[in-house]
Structures are given as structure tokens and as C-alpha cells.
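Novice: Listed here are the chains, written in short residue letters.
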Amino acid sequence: MNHSDDTHSSEGAGLSTPVGTRRTFFHWVTVAAAGFVGMGLAVPLLGSLISPALSRRKRDWVDVGGVAELPLGRPMQLDHVTTIRDGWMETKAQKAVWAVRRSESEVQVFSPICTHLGCGYRWDDGAQKFLCPCHGSSFDVNGRVTGGPAPRPLDVLPSKVEGGRLLVMYKDFKSGLTESVEL
Amino acid sequence: MSSRLYDWFDRRLNLKPVQRTLLDEPIPGGASWIYVFGSVTLFLFLMQAATGMFLAVYYAPTPDHAYDSVRFIETEVLFGWFVRGLHHWGASAMVIAIGLHMLQTFLYGAYKPPREAMWMMGVLLFLIVMTFAFTGYLLPWDQTAYWATQVGINMVGTVPLVGDLLSRVLRGGETLGALTLSRFFAIHVLFLPAVIASGIALHLFILRRVGPAGPWTDDRASLSSETFAPRQVYMDAVVIAGVFALVAGVAYGIPLPLTDKADPSDTSFVPVPEWYFLFYYELLKYVHGPLEPLATWILPLCVILIMFFWPFIDRNPVRNPIRRPVALGSGLLFLLVVFGLLGISIKNLYAVPRADPAVARGKAVYAQFGCAGCHRIHGEGGAVAPDLSTVGDTRPDRAWHLKHFRDPQSVAPGSFMPKFPLTEQQLNDLTSYMLSLKRAT
Chain A
1 MNHSDDTHSS EGAGLSTPVG TRRTFFHWVT VAAAGFVGMG LAVPLLGSLI SPALSRRKRD
61 WVDVGGVAEL PLGRPMQLDH VTTIRDGWME TKAQKAVWAV RRSESEVQVF SPICTHLGCG
121 YRWDDGAQKF LCPCHGSSFD VNGRVTGGPA PRPLDVLPSK VEGGRLLVMY KDFKSGLTES
181 VEL
Chain B
184 MSSRLYDWFD RRLNLKPVQR TLLDEPIPGG ASWIYVFGSV TLFLFLMQAA TGMFLAVYYA
244 PTPDHAYDSV RFIETEVLFG WFVRGLHHWG ASAMVIAIGL HMLQTFLYGA YKPPREAMWM
304 MGVLLFLIVM TFAFTGYLLP WDQTAYWATQ VGINMVGTVP LVGDLLSRVL RGGETLGALT
364 LSRFFAIHVL FLPAVIASGI ALHLFILRRV GPAGPWTDDR ASLSSETFAP RQVYMDAVVI
424 AGVFALVAGV AYGIPLPLTD KADPSDTSFV PVPEWYFLFY YELLKYVHGP LEPLATWILP
484 LCVILIMFFW PFIDRNPVRN PIRRPVALGS GLLFLLVVFG LLGISIKNLY AVPRADPAVA
544 RGKAVYAQFG CAGCHRIHGE GGAVAPDLST VGDTRPDRAW HLKHFRDPQS VAPGSFMPKF
604 PLTEQQLNDL TSYMLSLKRA T
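These protein sequence lines map, in sequence, to chains A and B. Once you know that position 76 of the first sequence is 76 in our numbering, the rest is easy, because the numbers rise by one and skip nothing. Our numbering runs 183 ahead of the 1-based position in the second sequence.
Read the hints as simulated data drawn from the structure, not as lab findings. C-beta: ideal position from N, C-alpha, C; glycine also. Some hints here could point you the wrong way.
[Unchecked claim] Distance windows between CB atoms, simulated: (1) A:Pro52 to B:Pro296: 54 to 60 Å; (2) B:Asn531 to A:Lys92: 46 to 52 Å; (3) B:Gly597 to A:Lys92: 54 to 60 Å; (4) A:Met169 to B:Pro601: 56 to 62 Å; (5) A:Glu162 to B:Ala543: 39 to 45 Å; (6) B:Phe495 to A:Pro52: 52 to 58 Å; (7) A:Phe36 to B:Ile527: 34 to 40 Å; (8) A:Gly164 to B:Ala543: 55 to 61 Å; (9) A:Glu162 to B:Ala377: 32 to 38 Å; (10) A:Thr83 to B:Lys621: 55 to 61 Å; (11) B:Cys557 to A:Thr83: 39 to 45 Å; (12) B:Val455 to A:Lys92: 33 to 39 Å.
The whole structure should be built from the sequences, with the hints applied where relevant.
Specialist: This is how it looks when you write it as C-alpha cells:
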């Protein structure tokens with residue numbers, strides 16, 4: 001900041017430039033104005049750019065069926081249509097979940113994706129296990145790993161029973177990790 | 184720190200001469216607040232460019248998604264509504280800044296030799312900015328955007344011989360649709376920015392070659408000069424900050440709601456153009472029939488050509504405005520016509536919403552008695568009785584309506600409209616409502 005000693009000023013006969021404290025004043029007012037405008041633009045512009053990175057996807061409770069139709073202790077695959085919001089687009093998608101009714105009103109719901117590498121598994125009535133066709137992982141009726149490469153139990157989806165209907169909040173999870181991490 | 188960094192670069196890049204060229208440009212007669220408008224316009228252009236880039240991050244230029252993506256910007260994106268507001272009001276501010284910049288140049292006779300080329304480049308830049316405004320207006324793809332653009336393109340169609348072809352080129356075919364939107368988008372965000380950037384560069388290049396005009400004194404030899412920095416820079420910066428605060432304040436304070444999504448089948452929608460096209464919109468109301476091309480393209484073309492060649496039309500070498508009565512008079516006349524038309528147009532526009540409350544009450548009476556069972560207004564209601572959409576134009580006589588509501592047979596023999604048990608108040612309100620139903624002005 002060498003404005004005050006910047007006195008190369010009056011070179012030509014008629015060419016002048018402010019020096020000393022006046023120059024310093026003009027300099028700082030200019031810097032302040034530029035800072036004001038710069039911040040006033042930078043904050044909203046960058047804010048708008050990064051905002052989608054900060055917001056979690058909104059999930060809705062989806063009705064996947066009546067609780068009374070679920071047999072006690074035997075997993076059932078329940079298909080439902082869910083609305084997927086992708087920015088300004090909304091699409092409907094078929095999703096499935098595995099639901100196991102534990103008691104009259106208690107239901108546990110599993111994500112239909114194997115925790116190993118993301119294949120879809122199925123329930124085998126004979127073996128009483130969830131079997132993944134891709135790499136042979138297997139899980140018991142409570143979702144615990146009983147064999148194969150799966151690193152963690154099946155992922156449990158948030159669910160609740162309201163007025164005899166089973167409501168589920170569908171989520172995706174990262175595969176291959178020992179902890180259940182939502183995508 | 185910053186000076187050490189500067190020195191480091193300076194030793195390698197020899198920056199001092201560049202700095203001198205940029206900042207020590209001589210301003211004849213010294214810095215002045217009257218010279219700020221060019222810088223303000225440049226700032227607003229840069230702000231439009233920046234906000235436009237960030238809006239483009241979310242915008243989708245297809246009829247399927249354009250409207251939803253703009254609504255997404257308005258409601259879901261953090262600061263999205265504010266960025267859109269800055270871009271919208273920044274456009275208006277830019278038109279004003281250009282107007283003041285041109286006015287200052289005109290008053291000071293700064294377009295006179297040797298600065299004719301700078302003026303002409305400026306007129307071209309102004310036309311490019313108006314093209315920006317026109318193409319940007321369509322992008323939200325709401326009713327206003329769609330119908331205003333429809334009208335704009337139809338006006339181009341009235342140009343003889345090439346009009347039809349020209350309007351097809353603009354639309355990308357027969358109808359305003361997907362092809363129109365994508366080409367307007369490409370023009371707005373790719374073609375025009377490239378053109379205007381070159382134009383601004385040329386405008387500034389000419390400025391630096393011929394130098395600023397300075398005051399209008401004849402005795403130029405005695406004028407002392409001042410360097411551009413720091414005082415003119417300071418003045419520019421202060422006004423720019425003020426303009427930014429103003430635009431940001433308006434963007435913050437005045438919401439910019441979208442109208443309904445564009446519906447090509449809804450022909451009842453009456454679009455209103457942006458204020459800076461209003462004077463032209465008003466002009467079109469006074470010229471009909473065979474004279475219409477006069478207003479749609481002959482007059483605008485003449486005005487543009489006169490503006491462009493103005494330095495060669497006004498050959499008076501004097502710059503002092505007091506000694507240029509003809510130039511000043513014609514400039515004043517032009518402004519009077521433009522602002523007169525703008526004033527009339529704004530007055531007409533605001534006359535409609537400022538309707539008297541009886542109209543709203545009358546509308547309620549209309550609903551209460553189920554008039555829509557037989558009558559139709561703007562596409563809503565039955566079709567067995569006359570359409571009332573513009574009954575205020577076709578039957579502007581208040582007494583007729585009052586008499587008609589008391590006893591339809593008395594003025595319309597054979598009418599099957601029943602007598603309704605209306606109170607005096609309801610009668611008056613309903614009549615006010617009928618008279619308010621006019622073709623939009």
C-alpha cells in the first residue's frame with residue numbers, strides 16, 4: 001500500500017492526480033465499495049450454487065400395504081409406487097421392500113438391496129434365509145449375516161403402522177461398508 | 184503482502200506500464216460525477232453475466248421443464264429468488280443506465296468528431312441489449328413470456344417481403360414452441376454474450392484511442408487533465424455500489440412471481456411487455472389497418488437509423504448544448520414522445536386493476552345467482568346465453584344494464600333470461616361488473 005508516497009503524479013503540464021490523504025481516502029472508499037458489491041454478489045451466487053449439496057433429499061412416508069395381510073414371522077416382498085424428486089422433475093418409480101411382521105402391530109422393514117454390492121436378494125422359504133444370488137451372501141429372518149461376503153446386516157428402513165397400514169420411508173444405503181450409511 | 188505479491192509479478196511481467204495505461208488515462212477537465220454512467224452500464228452488464236451464469240446452472244430450456252426449473256430456482260434454491268431478482272431488475276437498471284449514458288453523451292456533444300465511431304458502436308450495443316431483453320423474456324415460459332413473445336414475433340412478421348420468413352426463422356418454424364425456446368436460449372446465453380463482449384471491447388478500444396470528450400468548452404487548450412485513478416474510479420465505485428444496493432433492494436423487496444405455465448391454447452391471456460417496450464406497445468394502439476407497418480417497423484427503423492447516423496446528421500461542430508438548439512430540440516422531442524407514450528401506457532395499465540370495489544361485489548353476485556350456468560366469460564360458463572367476456576365494450580350503457588336486470592324483456596324482447604330478485608345494491612354492483620368486462624387495453 002504505497003499510495004501516499006505515490007507522487008509520480010504531475011508528469012505532463014496539465015495532468016494532475018490527487019496525492020496524500022485525499023488519495024488514501026479515494027482508495028479506501030473504492031475498496032469498500034468493491035468489497036460491498038463483491039460480497040453482495042458472491043454470497044447469493046455461491047450460495048445458490050452449493051445449496052443442493054447441503055439439502056438432504058426429502059423423503060415421504062409411503063403406504064406399502066395393510067399390516068393384516070402380512071403373515072407372522074414370514075418375510076413378504078411389498079411393491080409400491082414412490083415419487084422420486086430429481087430437482088424440478090418428479091417421477092414415479094416402482095420400489096420393493098421386505099417386511100417381516102414380528103407381532104400384532106410390530107413390523108420390521110428391510111431395504112431390498114444386499115449390503116455387499118447392491119444386488120437384489122430374495123427370501124428362501126426352505127432355507128429360511130434371505131439369499132443373494134450374486135455372491136452368495138445370506139441373512140436370517142432378522143437380517144443378520146449368516147454367510148457369504150456381506151459386511152453388515154440388512155439395512156432397516158424407517159417404518160410405522162398407522163390405522164392398520166404399514167408406512168415406510170424408502171432410502172438407499174452405501175454398499176460394501178460395515179456401517180449402514182445412507183446415500 | 185499484496186504489494187510484495189504485486190512486486191513479484193511486476194519484476195517478471197513488467198506490470199507498471201499496464202497499470203499506468205489502465206489507471207492514468209487523462210480525463211480532460213478532471214473527474215466528474217456526470218461521467219459515471221458508462222462504468223455503471225459496464226458494471227450492470229457484468230452483473231447480468233454473473234447472475235445469468237448462475238441461473239443457467241438450474242435452468243432447462245425445454246417447454247417441458249423451463250417453467251418448473253424457474254419455479255425450482257424461485258422456491259427451492261438457496262438465494263435463487265434473489266439471483267433471479269437481480270437478473271430481472273438488473274436488466275431494467277441496465278436500460279436506464281444506457282439511457283442516461285446516451286443522454287449525457289448527447290448533451291455534451293461527445294458524439295462529434297473524432298468520436299463518431301464510439302457513438303455508433305454505442306447504438307449497436309444498445310440494440311444488442313434490447314435483443315437480450317427480448318430473448319430473455321421468453322425463457323421462464325410462463326403465460327406472460329409466451330404471449331408477449333408471440334406478439335413480438337408477429338410484429339416482425341409485418342415487415343414486407345421478408346417478414347414472414349424472418350418470423351419463421353425467429354420461431355424456428357410455424358409455431359412458437361420447443362424450437363423457439365431453445366433458440367432463444369442459445370441466442371440469449373451464447374450468441375449475444377459473444378457479440379456484446381466484442382462490441383464492448385471495441386467501444387472501450389475506441390474510447391482509449393480518442394480519449395474521453397470532457398467538458399463542452401471551446402477552449403480545449405486551457406483544459407487541465409486529471410488521471411482516471413483515483414478520483415474518477417472512486418466516483419464510479421460509489422455510484423456502482425449505490426446502483427447495486429438499489430437493484431438488490433428491489434430484488435429483495437419486490438417478488439417476481441411467475442404467471443401460469445405457458446398455455447398456447449389459452450388465447451384470452453393478455454400479455455404486457457416490460458416497461459422499456461411499453462412506449463412502443465402504446466404506439467401500436469394508435470396505428471391500425473394499412474398504416475400498421477408504419478408503427479411496427481418503418482418508424483422504429485427510421486429512429487434507429489437516425490440514432491446510428493446521428494453524428495453525420497448533426498454537423499454543427501459546437502458542443503455547448505445552449506448553442507445547439509436544433510439538436511437539443513429534436514432530442515427533447517424524441518424524449519417527450521417516448522416518455523409521453525410510456526406515461527399513457529402506464530396510466531392505462533394501472534387503470535384496470537384500480538377498479539372500484541363494486542366490480543368485485545358484482546362478481547360475487549354473478550357467482551351467487553349462478554349466471555355462469557348460461558353465460559360465458561373468458562371461456563368459463565355455459566354457452567346458451569350471450570358471451571359476456573367483452574360486454575363492457577359492446578354495451579357500455581349503464582342505464583341499459585340496470586333496466587335489463589330489472590326486466591330483461593323490457594330491452595330485449597323474447598329473451599329467456601329470468602328476472603332475478605336483486606336488491607338495489609346488487610343491481611348496481613352487477614352492472615359495474617358487466618361494464619368492467621372489456622377487451623384488455
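Novice: List, from low to high, the hint numbers that the structure doesn't satisfy.
Specialist: Hints 8, 9 and 10 are the ones this structure does not satisfy, whereas the remaining hints hold.
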